[in-house]
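Asks: Spelled out, the chains give:
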Amino acid sequence: MLKTWFRRLSGTDLIMYAIGVTVTIAIIWGSLATLASGKYSLPQWQDLVVFGLAQGSIYALIALGYTLVYGILRMINFAHSEVFMSGPFTAYFVARALDQSGFLERSPVVGMLIVTAASMLTSLVIAILVERVAYRPLRNAPRLVPLITAIGASYALQYVFRGLYGSGVERYPELAIFKGEWFLAGVRVLRTQAVVIVAAIALMAVLYVFVMLSKTGKAMRAVSEDKDAAALMGIDVDRIIATTFAVGGALAGAAGILYVLIFGQVQFYMGFVPGIKAFTAAVLGGIGNVPGAMVGGLFLGVFESVGPSLFLDGLGIPAPYQLKDVIAFAMLVLFLIFRPSGILGERLATKKA
Amino acid sequence: MKSPRTYVLIGLLLAALTVSACGGAPSAAAPTSAPAATSAPATGPEQGEPYLLGAFFSTTGPASSLGEPEANTVTMLAEQINAQGGVLGPDGKLHQLEVKMYDDQSDATVAVEVVKKLIDEDKVTVIVGGSGSPASIAVIETVTGASVPFVSVASSSKIVTKDDGSQHQWVFKTPQQNLPVAQVQYEWMAAHGFNQIASLGVNNAFGADSMAALKMLAGEEGMEIVWEGTFEAGDTDFNAQLTAIAGTPAEVLVVHATPGEGAPLTVQFRDLGLEMPIIHNHGIGNRAFIDTAGDAAEGVLFPIGKLLVASQLPDSDPQKATLLQYQADYQARFGKPPSTFGGHAWDAVMMVKGALEAVGTDSAAIRGYLESEITNFVGISGIFNITAQDHTGIGKESLVLVEITDGDWKYVDPAQYASVP
Numbered sequence: 001m002l003k004t005w006f007r008r009l010s011g012t013d014l015i016m017y018a019i020g021v022t023v024t025i026a027i028i029w030g031s032l033a034t035l036a037s038g039k040y041s042l043p044q045w046q047d048l049v050v051f052g053l054a055q056g057s058i059y060a061l062i063a064l065g066y067t068l069v070y071g072i073l074r075m076i077n078f079a080h081s082e083v084f085m086s087g088p089f090t091a092y093f094v095a096r097a098l099d100q101s102g103f104l105e106r107s108p109v110v111g112m113l114i115v116t117a118a119s120m121l122t123s124l125v126i127a128i129l130v131e132r133v134a135y136r137p138l139r140n141a142p143r144l145v146p147l148i149t150a151i152g153a154s155y156a157l158q159y160v161f162r163g164l165y166g167s168g169v170e171r172y173p174e175l176a177i178f179k180g181e182w183f184l185a186g187v188r189v190l191r192t193q194a195v196v197i198v199a200a201i202a203l204m205a206v207l208y209v210f211v212m213l214s215k216t217g218k219a220m221r222a223v224s225e226d227k228d229a230a231a232l233m234g235i236d237v238d239r240i241i242a243t244t245f246a247v248g249g250a251l252a253g254a255a256g257i258l259y260v261l262i263f264g265q266v267q268f269y270m271g272f273v274p275g276i277k278a279f280t281a282a283v284l285g286g287i288g289n290v291p292g293a294m295v296g297g298l299f300l301g302v303f304e305s306v307g308p309s310l311f312l313d314g315l316g317i318p319a320p321y322q323l324k325d326v327i328a329f330a331m332l333v334l335f336l337i338f339r340p341s342g343i344l345g346e347r348l349a350t351k352k353a
Numbered sequence: 354m355k356s357p358r359t360y361v362l363i364g365l366l367l368a369a370l371t372v373s374a375c376g377g378a379p380s381a382a383a384p385t386s387a388p389a390a391t392s393a394p395a396t397g398p399e400q401g402e403p404y405l406l407g408a409f410f411s412t413t414g415p416a417s418s419l420g421e422p423e424a425n426t427v428t429m430l431a432e433q434i435n436a437q438g439g440v441l442g443p444d445g446k447l448h449q450l451e452v453k454m455y456d457d458q459s460d461a462t463v464a465v466e467v468v469k470k471l472i473d474e475d476k477v478t479v480i481v482g483g484s485g486s487p488a489s490i491a492v493i494e495t496v497t498g499a500s501v502p503f504v505s506v507a508s509s510s511k512i513v514t515k516d517d518g519s520q521h522q523w524v525f526k527t528p529q530q531n532l533p534v535a536q537v538q539y540e541w542m543a544a545h546g547f548n549q550i551a552s553l554g555v556n557n558a559f560g561a562d563s564m565a566a567l568k569m570l571a572g573e574e575g576m577e578i579v580w581e582g583t584f585e586a587g588d589t590d591f592n593a594q595l596t597a598i599a600g601t602p603a604e605v606l607v608v609h610a611t612p613g614e615g616a617p618l619t620v621q622f623r624d625l626g627l628e629m630p631i632i633h634n635h636g637i638g639n640r641a642f643i644d645t646a647g648d649a650a651e652g653v654l655f656p657i658g659k660l661l662v663a664s665q666l667p668d669s670d671p672q673k674a675t676l677l678q679y680q681a682d683y684q685a686r687f688g689k690p691p692s693t694f695g696g697h698a699w700d701a702v703m704m705v706k707g708a709l710e711a712v713g714t715d716s717a718a719i720r721g722y723l724e725s726e727i728t729n730f731v732g733i734s735g736i737f738n739i740t741a742q743d744h745t746g747i748g749k750e751s752l753v754l755v756e757i758t759d760g761d762w763k764y765v766d767p768a769q770y771a772s773v774p
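Going line by line, the protein sequences match chains C and L.
According to my numbering, numbering within the first sequence proceeds without interruption in unit steps and concludes at 353.
According to my numbering, numbering within the second sequence proceeds without interruption in unit steps and concludes at 774.
FYI, nobody ran anything at the bench for these hints, they're computed from the structure.
It is possible that part of the hints are untrue.
Reference listing, derived: stretches of chain L covered by chain C, where coverage requires no fewer than 3 residues with Cβ under 8 Å from a Cβ of chain C [stated by the list, open to error]:
#, segment
1, 578-586
2, 597-606
3, 643-650
Each computed EDC-like pair below joins lysine to aspartate or glutamate, with the alpha-carbon atoms no more than 20 Å apart [unchecked claim]:
#, chain 1, residue 1, chain 2, residue 2
4, C, K39, L, E604
5, C, K39, L, E581
6, L, K673, L, E756
7, C, K179, L, E651
8, L, K446, L, E710
We put the CB at the ideal spot given by N, CA and C, even for glycine.
Required output: the full structure, derived from the provided sequences and hints.
Replies: Below, the structure is given as structure tokens:
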């Protein structure tokens with residue numbers, strides 16, 4: 001057994017393992033050095049973890065959109081980052097109108113629910129539109145073709161929204177109810193962070209129940225297993241695909257409002273980085289796998305938040321915080337090499353790809 | 354299998370892409386000339402040949418928020434000068450000022466091309482412009498090679514200063530250096546008795562220059578930079594940096610940024626509940642910062658040129674009248690208040706106007722005038738005293754400390770430093 005494994009070992013494998021071992025050692029070494037230096041206190045680590053969880057739950061919600069679509073169509077919807085942007089950017093005008101009329105001040109909870117609904121609805125409509133215009137006509141084309149139109153659709157949407165709303169940065173009205181902090185077992189949690197985490201988990205739970213228990217969810221899973229067989233069983237495949245895009249879009253719209261709660265501002269380019277991070281999260285969790293996207297998002301958020309301080313600082317890297325994105329994308333590459341199936345997922349290479 | 358409709362849709366997408374990719378890139382070939390001799394004065398000096406002024410600004414692209422007020426100011430000044438008959442040259446004749454103006458599209462390569470065009474085709478003998486530091490630095494070689502004086506409106510010290518500390522012979526600039534900005538910040542810190550600082554800046558030429566200035570002066574000011582960090586232009590999340598700062602003994606946070614990152618950074622700084630005061634540099638001196646940071650901007654301090662708070666300056670300030678006049682003229686002509694950047698262009702054009710009046714259009718003579726005759730020149734960015742050793746000519750006294758209060762800029766008298774924020 002061990003003998004055959006040795007015989008099969010090629011030069012490339014050795015280099016790969018060497019990279020893997022080096023990265024692992026660097027991470028452990030850096031972490032130990034940082035912890036030994038005592039540069040960060042326990043409350044600081046807690047702050048970083050909580051922030052990572054909040055950011056990660058936003059990634060997770062967006063990642064669900066990638067993963068749902070991949071599960072059914074085996075394609076990456078690169079326009080999803082713009083679906084995410086379209087919601088909060090449009091809802092900004094609703095929020096501003098509510099703010100100017102004083103309604104948002106009087107009943108902030110109802111007001112925010114209206115704003116969230118506007119955001120989810122916009123993203124949902126945009127997602128369906130993208131599917132109808134850019135993907136459905138190419139359903140039977142080679143798999144590279146919808147990927148190209150996805151990138152085209154992404155840019156087209158970005159510039160359509162820039163044209164509609166302008167290229168400036170817009171600030172959402174600030175609400176008093178989201179100010180301040182709570183302490184949970186001694187850990188400080190900002191109110192916005194708490195709202196983000198709770199809302200995201202609730203939405204994910206609703207989605208999970210929907211996919212597992214509802215009739216439409218069952219049909220979605222059937223289409224994901226085998227489109228042709230599902231069609232033979234009387235499932236309207238086009239309708240189910242459109243529904244999938246709609247669900248993913250609505251979640252992205254909700255994620256957009258949560259993003260706004262933390263960062264407070266919107267602009268036409270805001271979707272790109274969170275979108276690509278969420279895609280990374282989807283791959284980390286195992287693309288096509290719904291719980292995987294949730295785990296991947298949270299994992300990426302925390303890793304990215306804690307990582308620079310934990311192991312880059314200790315390695316003596318002069319500008320650790322800027323390497324946050326490097327950590328995220330390096331992890332994407334490492335996962336694709338060493339564990340393409342993701343944390344919870346199935347094997348990409350063998351079964352579906 | 355594929356319907357014609359599919360191709361139409363793909364075509365539409367491609368068209369949208371092409372349009373967006375080419376958007377905002379008009380040809381640089383057509384210069385926009387300021388209105389030249391329309392009405393000759395009936396009496397007074399004889400009318401001579403128009404004087405040419407070369408100008409290039411980033412009126413499109415990422416630096417357009419700088420280039421637009423600059424180009425506007427040049428247009429406005431040329432109109433004003435020509436309405437009075439023109440520039441009274443050393444030959445005793447009035448010369449209309451003809452501005453040859455180009456857009457460098459916020460691209461240093463285009464800047465070099467248009468400067469070559471200004472020199473070779475338009476035959477200008479003096480040039481103002483270069484909205485961004487990269488564009489200004491890129492054209493140093495061209496203007497030096499052609500022996501044409503160039504007055505830059507961008508701020509990097511590298512525009513006028515060579516690595517050995519001497520000045521580029523043909524290049525001058527009107528904005529402040531970063532060093533005096535740090536000096537004002539230190540004066541304010543000294544008034545509070547602070548001596549431990551956290552310094553956080555954007556990782557580009559602007560942030561690095563400003564951070565280096567702060568660091569360079571720390572020793573002689575008796576201050577210690579206990580934490581230093583950077584972020585990337587375009588970042589929205591500063592949680593890791595701010596959390597790290599919270600754990601240091603720093604008494605004040607100094608930020609080196611423009612509103613794009615400076616505003617969300619300040620919002621997160623307040624959200625995290627950090628209690629130390631926050632002081633920015635001159636990079637946040639426009640409305641966008643207050644608009645996007647909202648309540649978080651309250652109590653933010655930063656040193657900047659006097660234009661923002663001109664009306665609040667004490668009447669004894671020698672620049673006050675000039676500043677108010679420029680504000681009123683710009684507001685009347687363009688319907689909005691001018692920015693500090695437009696002020697840099699004002700200084701450049703008015704210095705060149707002085708040179709044209711004194712020595713005419715000879716490039717070498719203009720250069721000589723700029724280097725030796727600009728003394729106590731009351732401008733918008735400061736009171737200039739240019740010498741062969743200093744092609745900027747303004748220092749700390751050209752700056753004031755400003756506090757953001759009730760969504761507006763408030764002038765802080767140096768005697769009051771200890772009581773703000």
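Asks: Each hint should be assessed against the structure and marked as holding or not.
Replies: Here is what the structure says about each hint:
no. : hint              : in the structure
1   : 578-586           : holds (count 4)
2   : 597-606           : holds (count 3)
3   : 643-650           : holds (count 5)
4   : K39/C <-> E604/L  : holds, 17 Å
5   : K39/C <-> E581/L  : holds, 14 Å
6   : K673/L <-> E756/L : holds, 19 Å
7   : K179/C <-> E651/L : holds, 16 Å
8   : K446/L <-> E710/L : holds, 10 Å
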